[in-house]
Each structure stands twice: as C-alpha cells, then as structure tokens.
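**Student:** The residues making up each chain are set out below.
There are 2 protein chains.
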Amino acid sequence: MDILEAILTRRSIRKFTGEVLNDDDLKTILKAGFYAPSAKNFQPWHFVIVKNSKTLEDISQIHPYAKMVPSAGCCIVVCGDKNDQNEEGFLIEDCSAAIENMLLAAHGIGLGAVWLSMYPISSRSEPIAELLSIPKNLITVGMIAVGYKSEEKTTDDRYKLEKIHFEKW
Amino acid sequence: MDILEAILTRRSIRKFTGEVLNDDDLKTILKAGFYAPSAKNFQPWHFVIVKNSKTLEDISQIHPYAKMVPSAGCCIVVCGDKNDQNEEGFLIEDCSAAIENMLLAAHGIGLGAVWLSMYPISSRSEPIAELLSIPKNLITVGMIAVGYKSEEKTTDDRYKLEKIHFEKW
Chain A
1 MDILEAILTR RSIRKFTGEV LNDDDLKTIL KAGFYAPSAK NFQPWHFVIV KNSKTLEDIS
61 QIHPYAKMVP SAGCCIVVCG DKNDQNEEGF LIEDCSAAIE NMLLAAHGIG LGAVWLSMYP
121 ISSRSEPIAE LLSIPKNLIT VGMIAVGYKS EEKTTDDRYK LEKIHFEKW
Chain B
1 MDILEAILTR RSIRKFTGEV LNDDDLKTIL KAGFYAPSAK NFQPWHFVIV KNSKTLEDIS
61 QIHPYAKMVP SAGCCIVVCG DKNDQNEEGF LIEDCSAAIE NMLLAAHGIG LGAVWLSMYP
121 ISSRSEPIAE LLSIPKNLIT VGMIAVGYKS EEKTTDDRYK LEKIHFEKW
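If you read the protein sequences in the order shown, they are chains A and B.
Positions 1 to 169 (our numbering) are the ones given, in order, by the first sequence.
Positions 1 to 169 (our numbering) are the ones given, in order, by the second sequence.
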C-alpha cells in the first residue's frame, strides 16, 4: 500500500475475527516499530508481545478501553527504557513514533489495529507492568491490539485549515 | 512509495539544497499530520508553517540542533492545545504521531526532513513559542525541518531481537 494512502485510510480498528496473526506479519509490524526515529537515535524502546489468551483477558480487565484485546489475539506493549533515554518526554515521543509506525505497517498489510494509551495514567500502566514483569526502569507508554479486522471504516475529513498558521500564530 | 519501504528507508535528513518546497507538497505533508490517531480522536494539534528566512534564522539560533533549518527552507512547528486535550502525556503522544506521519509523508514524496525535539526542554520551546506568538494554552512539542535533500542515507539494521519479549519480560 502506498505510504500516503496508508496514512490517510488508517483507522482505529476494534472488531476482530479472532484469528491470530502469524509470525511473519508480527515481525513486519515490529520491524516498523524499530525503524522509528528517536532522540539522538537512542532507540530506547522494548516490545512485549502477548498472545496468551489468559494474559490478554487480564489486560482487558485492567485497561478500561481494552475490551477488544482478547478477540484481536495479539497485544504489543511498548515500553521505553529510562536507562537508554533519561529525558522522559523524549522517551514518550520516541515510543509514540514507534507505535505510529506499527499502526501504519499493520494497516499496510491489511490488518487492523488500535492504540491503547497508558502513559501517564498509572492506573493502567502500573498493573500492566506488574502483570508482564516489566522492570521499574521502563515506562509502559502504550499498547497496540492487532489482528484480523472484522470491521471496515472510512475516514472523515480531518484537514482543518483553521489549525494551520502561516509564519506565526 | 510503499508504506513498509517508506518506514524502513526514512532517515533524518539534515542537508538541503535550499530550494523551498511548494504548496502542494506542503499540503500533502500537513494532511498526513492531520490524519494521525489521537486519544479519543480529539485531534488536538496545530501547525505553524515558517518559510520566512529571517524567522528560520532565528529558529536556528534558538534551538541547538536546528542549524539546518534555514537551508531546508521550511519549518513546521507542531503544537498541542491543552484546551483540546488536558492530559499532557496524551497531547505529547498525539503530536508525536502527527510528526511521524509528516516525516513519513515527506520521505514518501522524495523530500528530506528531520524531527527537532522541543518538549520538555523549555529553553527550546519557550523562546520558539514567543518568537511565533504561540498562545500559552499550547505546548510546542516539536518541529520538522523539511525541504529538498542534498544527502542520501542508507538505513542500518535496527531490528533487535533482544528488545522483543514474548508473553512477559
């Protein structure tokens, strides 16, 4: 899929067939995450891949907007290592770029995905980190539920002239 | 350009020909930013487009890694409106996704671009906000210098197995 088409047609997908994505597709998506830009090119991200149905169920119980995680069949938890990037704001920016790359890659290969926010909501990130034994030096920034979609969405017009300012505000 | 190719071959470009990108290309890039995902789909971003050579020069004097901005010929300053999204962490995540979309779109149409971090470094964001009269309810998250590239870069292997964790850390 063309890059511009991918960007303009990607939507958050929350309905899935239940079939679990294969290892090749998972690798394609992860690779996209690894190739995101990062401050000073520190690449401070880690990815925890969850496919176990009990763990997916637990995640859906912890996070208020993760009800679709078990039916997606795969959840990618994106964490940033404070030992690699000690400026927390940069860590969030880097991991967000990695998440966006993975969402676009998933869409580009015909899968559905949705970004589930965690940082800075500790009632989401702390129990998820505990569930997955993520060490304290990592910030759990967000998750992606990804799988075979059972809904199609069109895109509304998001281009807003009033949010573009020329030369100054 | 294919979405996966775009993600895997995009690099930070810091050398430019000096020719300024045209309005159609600028619109394509901005549109990509507008189509990023955002928490609750609030789309809290604004974009300040700077092409004025004096202002570009001022930006390059303020930001320690923005020396290439005048030669790029265009700088897109990305801000998030706290009135649209009052959870600051989400605002940073949303604007980061918009920035990544714009970097990919620029690369996809053959232009060069680089992400210049601002948030949470107030010595960068505050004078830039003042220079561009950006109101106090906005967070200046980052900037993109974009233009016609005069360098080509290959991509190193960024896929790191040791940063992938299955089922738990």
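Hints listed in this document are in silico derivations from the structure and should not be mistaken for laboratory results.
Any given hint might turn out to be false.
Since the list gives no way to pick one copy over another, a pair counts as held whenever it fits inside one copy or between any two copies.
As the list claims (entries may be wrong) - Only pairs whose alpha carbons sit at most 30 Å apart, straight line, appear in this in silico BS3-like list of lysine-lysine:
hint: 1; residue 1: Lys160; residue 2: Lys136
hint: 2; residue 1: Lys136; residue 2: Lys153
hint: 3; residue 1: Lys136; residue 2: Lys15
hint: 4; residue 1: Lys136; residue 2: Lys67
hint: 5; residue 1: Lys27; residue 2: Lys163
Remember, predicted model here, so these are calculated numbers, not experimental data.
**Student:** It remains to establish, for every hint, whether it holds in the given structure.
**Tutor:** These are the hints, each one checked on the structure:
With identical chains, the CA atoms of Lys160 and Lys136 are at most 30 Å apart between copies only, with a shortest distance of 21 Å across copies and 41 Å within one. In this assembly of identical chains, Lys136 and Lys153 lie within 30 Å of each other by CA distance neither inside one copy nor across copies; the values are 38 Å within and 36 Å between. Taking the shortest Cα distances, Lys136 and Lys15 never come within 30 Å of each other, neither inside one copy (33 Å) nor across copies (39 Å). For the homomeric pair Lys136 and Lys67, the shortest alpha-carbon distance inside one copy (26 Å) is at most 30 Å, but the shortest distance between copies (37 Å) is not.
Proximity of Lys27 to Lys163 under the C-alpha cut-off of 30 Å is restricted to the inter-copy arrangement: shortest distance 13 Å between copies versus 37 Å within a copy.
The structure is inconsistent with the numbered hints 2 and 3, although it conforms to all the rest.
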